[in-house]
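We have chain E; now place chain L onto it with these hints.
Protein chains: 2
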Amino acid sequence: MKLLEDAIINQGEVLSGEVLKVGSFLNQQLDVKLLRAISKEIYEHFKDKQVNKVLTIEASGIALAVLVAEEFGAKAVFAKKSKTANVSGEVYKADCFSYTHKNLNTLVVPKEYLVKEDCVLILDDFLAHGEAVNACINIVKESGATLAGIAIAIEKGFQGAGDELRKKGLDLFSLVIVDEMEKGKIVFRNR
Amino acid sequence: MKLLEDAIINQGEVLSGEVLKVGSFLNQQLDVKLLRAISKEIYEHFKDKQVNKVLTIEASGIALAVLVAEEFGAKAVFAKKSKTANVSGEVYKADCFSYTHKNLNTLVVPKEYLVKEDCVLILDDFLAHGEAVNACINIVKESGATLAGIAIAIEKGFQGAGDELRKKGLDLFSLVIVDEMEKGKIVFRNR
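Sequence order for the protein chains is E and L. Using the numbering used here, read the first sequence as starting at 14 and increasing by one per residue. Using the numbering used here, read the second sequence as starting at 14 and increasing by one per residue.
These are computed hints drawn from the structure, not numbers from a lab. Hints may be right or wrong, so weigh each one.
Pairs involving identical chains hold if they fit within one copy or between any two copies, as the list cannot separate such chains.
What the hints assert, rightly or not - Here are the simulated lysine-lysine pairs, BS3-like style, with alpha carbons at most 27 angstroms apart:
#	residue 1	residue 2
1	Lys93	Lys34
2	Lys181	Lys198
3	Lys106	Lys181
4	Lys62	Lys93
5	Lys94	Lys106
6	Lys93	Lys15
Please read all numbers here as calculations on a predicted model, not as lab measurements.
Same shape as in the complex, but just chain E:
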């Protein structure tokens, strides 16, 4: 998606540790016009599936999830990150290691918000090592719901998780795939 590639080039920042900082438009500060344009592309890709739930992870996935959910007339649900696996109540849980923060989180979704009749689109701002998305896939499986696919704003292609998901036959739709990233130089796939 050219709009998003341009925003990354003009406003993104490559930090050490393979971190791409997009806080000025995609997380923390939200360029809602750009997010709406992204949402419409995601809807176009998945519109033939009967998506009624968009599942994301707090906090940076929420903004896009709510706009995408609106396109589908669906509800959005976000998994909360818990520092301990010691979560009570009727919940789905899945472990998820954060490479950014170097800690293990447990993603938690109350069972009442995801049921087997649901058709779920998993969505996140970034796909890097795939930990968060794979945890969401496990939660959807456990719920018995149908997995429509996975939508990602920025896939870090060089970290491999996206291609792994595609090999498994999952419908992964990334608006932008970054194949190389060095200070001052970002290479997009298929540009």
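Here is chain L on its own, set in the frame of chain E:
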């Protein structure tokens, strides 16, 4: 707002410790149609002000903030919660005690996302003791931006922070004010 009052009565849950659980429609699971209706009411109230930034707090304020920002053609910005006051970089910081989690957070917003030319609407899902909103007010003051007002989905009127803000002459717009809350009984102001 009758729609929101009805959702609270039909789907809300009063828990111990004066907690009103609205996870099934306002946070964690997001009823986007209801959130859009709330956004339009907030826009109606503040439409004469030149709001170009909607400031909220992660994670539960983000969904509503992004929809309200879209109504204004504004950007949304969320304050991140940091466990330590030891935050580096050019940021605004304000302490904020969480009565729900019984801990002190520092709210952090990078200075580049809030400048003195901005006209800011502060927004949150709940107003209870006012800690988070007052921290946001301090951040807006420090930035030199204009404060358009404060929009809240659910104000817990019996905890007093809303009336304190009104006494200060601030334009506080709450969609719903809960004046009493006991197991099985919720009393709304001006219903």
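Here is how each hint holds up against the structure:
no. : hint            : in the structure
1   : Lys93 - Lys34   : both (22 angstroms within a copy, 15 angstroms between copies)
2   : Lys181 - Lys198 : neither (31 angstroms within a copy, 51 angstroms between copies)
3   : Lys106 - Lys181 : within (22 angstroms within a copy, 45 angstroms between copies)
4   : Lys62 - Lys93   : within (26 angstroms within a copy, 35 angstroms between copies)
5   : Lys94 - Lys106  : both (10 angstroms within a copy, 23 angstroms between copies)
6   : Lys93 - Lys15   : neither (32 angstroms within a copy, 29 angstroms between copies)
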